[in-house]
Amino acid sequence: MAKTILIVDDSSSFRQVVGIALKTAGYSVVEACDGKDALGKLDGRKINLIVSDVNMPVMDGITFVKAAKQLPAYRFTPVIMLTTEAGESKKSEGKAAGVRAWVVKPFQPPVLLDAVSKLILP
Amino acid sequence: MQGFALKKESWGTLMKPNPTRDQAHNPWVLAAGLLVTSLICLAVAPAWWQAGLAAIGQGLLLWWYWQRPINAKVEPITSLADEDCSAELRTLRTLLSSILPLWEKQVELARTQTEDAAGGLTEKFVAMSRQVGETISLSADGDSHDSVFEVMRGAQVELPKAVSALDETRAEREHFLSEIHELGHFVDELFSMAEDVAKIASQTNLLALNAAIEAARAGESGRGFSVVADEVRKLSTMSGETGARITEKVRIMGGTMRELVAQASRVAEVEQGKIREAEGIVNQVLDELAHGISQLEQRIGLLQGSSREVEHTVNQVLVDLQFQDRVSQIVSHTVLDMRRLQERLHDVTQLESKAWLQNLESSYTTLEQTRLHSGDSRPQVEASSVTFF
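In the order they appear, the protein sequences are chains V and L.
In this text, residue positions in the first sequence follow our numbering: the first is 895, and each later residue adds one.
In this text, residue positions in the second sequence follow our numbering: the first is 113, and each later residue adds one.
Errors might be hidden in some of the hints.
Taking CB as the label site, the calculated pair distances span [what the hints assert, rightly or not]:
| hint | chain 1 | residue 1 | chain 2 | residue 2 | range |
| --- | --- | --- | --- | --- | --- |
| 1 | V | Glu982 | L | Val439 | 19 to 29 Å |
| 2 | L | Gln416 | V | Asp954 | 27 to 37 Å |
| 3 | L | Ser406 | V | Lys1012 | 40 to 50 Å |
| 4 | V | Lys917 | L | Leu201 | 54 to 64 Å |
| 5 | V | Lys917 | L | Arg202 | 53 to 63 Å |
One side only, chain L facing chain V, incomplete, derived with CB under 8 Å [what the hints assert, rightly or not]:
| hint | residue |
| --- | --- |
| 6 | Gly231 |
| 7 | Thr234 |
| 8 | Val238 |
| 9 | Ser241 |
| 10 | Asn427 |
| 11 | Leu430 |
| 12 | Gln434 |
| 13 | Asp437 |
| 14 | Leu479 |
| 15 | Val498 |
| 16 | Thr499 |
It is worth saying that the hints were derived from the structure and are not from the lab.
Virtual Cβ for every residue (Gly too), placed ideally from N, Cα, C.
Produce the complete structure using the sequences and hints provided.
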């Protein structure tokens, strides 16, 4: 059975781009348009990894990760931030929130897939 | 925009030197005025000291006038500039209050249209790349090609075996015929033996005849012997007849066997030709199979190469399709700054450009925004990087 990845980004076209890259590699994807929407998707279903943007309306990525880490079922779900933010302060915030990897946009599919394969839960 | 430009020009005109103001400081004009007023005083005054006092008074009046016109003329100009500047600022504020929301809406419209177009492009690309991927994966499917190769290579092994089996059958038949041919020698021997039997019978008959002659010559005493000689002659005659029949049968049998061998040899020769023909056809089929396998392998190699190229191109397009997300963020930051300016227009005296620029710079998320702000006219987008924690 294909492993499932949650993609969180406010840009629908960007979610599609990430979706193509992941589906081509054999993963199944679930999409959410912001942090709040993503929390709604963490409803008990099996999520092997989360790929999230940082700057989003309604709820930003860092706040979402902090909230997701409070959910027992998703406490150990690895999170990759995929963002235009390249500043060290934001990276530190992400690390403190429990983010496992930080990929700066625009991403090369092999780079993202390499990070995913290293972190995804079995 | 045009009105704003005209106002800007008139504002600039005010900053130029005022020629009227320079003419008011001309000392020759002042001296001529003093002389005229002094002469009037001397002509009109009843006493010289009164005329002197009047002249001094006129002089002081002129001195005051010397000073006054400058202040009087500078002061109204300054007031006029302030008033104009205020008016210009009010006009500018009104203009910006009206136009900034429009700019914001226009930029937002452009951003939305870009996002919709990028979404459409992405959807079409998704469908296209999926179709291309499925086609290539079907064409370059290793399992199906392996099974085809397996069948073709199996045929390459099995077909020669069939030819070989036919060859073996032919060889066995040749061996069988050779055995039959060997029987021919026995027939010859039998024929020779039959002839020997005939000779023995003939000799025995001759002996019996001689014995009968000798028995007749012996008279009564040889009568018994004559009976025996007669019986021996009969037996030899019978033996001779039997030998003749054997000879005849062996001759027939030998002829039949030779005919059989000859016929079998002709069949074997035809069969050998057919087998060689089948072998030729099989070899031709095998050559065609080998050629087909070689071509198929080449095509699979090309397809696999194309598959890698398509994968590389898809990855590049995926990177390029991310432009909308970056453009949207850059536009959003610009719109937010325009909105901020609109909110602060009511008190422009509080605006401080350095702090404003610092605030704008802190809002950037992409490296190229920061580099553009720092003076790089065409900052390049850097390749993606990953940091593991």
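For the hint on Val238(L), does the least C-beta distance to chain V fall short of 8 Å?
holds (5 Å)
For the restraint on Leu430(L), tell me whether the closest CB of chain V is nearer than 8 Å.
holds (5 Å)
Is the interface hint for Gly231(L) satisfied, with its Cβ closer than 8 Å to some Cβ of chain V?
This interface hint holds because 4 Å falls under the 8 Å limit.
Quick check: does the Cβ-Cβ distance between Lys917(V) and Leu201(L) fall within 54 to 64 Å?
holds (57 Å)
Status of the hint placing Val498(L) at chain V (closest C-beta pair under 8 Å):
Holds, because the Cβ-Cβ distance from Val498(L) to chain V comes to roughly 5 Å (cut-off 8 Å).
Taking the beta carbons of Lys917(V) and Arg202(L), is their distance inside 53 to 63 Å?
holds (58 Å)
Grab the minimum C-beta distance from Thr234(L) to chain V and call the hint holds if it beats 8 Å, violated otherwise.
With a closest approach of 4 Å, the Thr234(L) hint holds.
Using Cβ atoms only, decide whether Gln434(L) comes closer than 8 Å to chain V, and label the hint accordingly.
holds (4 Å)
Is it true that the C-beta distance of Glu982(V) to Val439(L) lies inside 19 to 29 Å, as the hint says?
For Glu982(V) and Val439(L) the Cβ distance comes to about 25 Å; the hint holds.
Was the hint right that Leu479(L) lines chain V, CB cutoff 8 Å?
At 5 Å from the nearest chain V Cβ, Leu479(L) passes the 8 Å test, so the hint holds.
Hint check for Asp954(V) and Gln416(L) - Cβ pair distance inside 27 to 37 Å:
With a Cβ separation near 44 Å, Gln416(L) and Asp954(V) fall outside 27 to 37 Å, so the hint is violated.
Can Ser241(L) be said to touch chain V, with a Cβ gap under 8 Å?
Since the shortest Cβ distance to chain V is 6 Å, the answer is holds.
Taken one by one, the earlier hints fail for this structure only at number 2.
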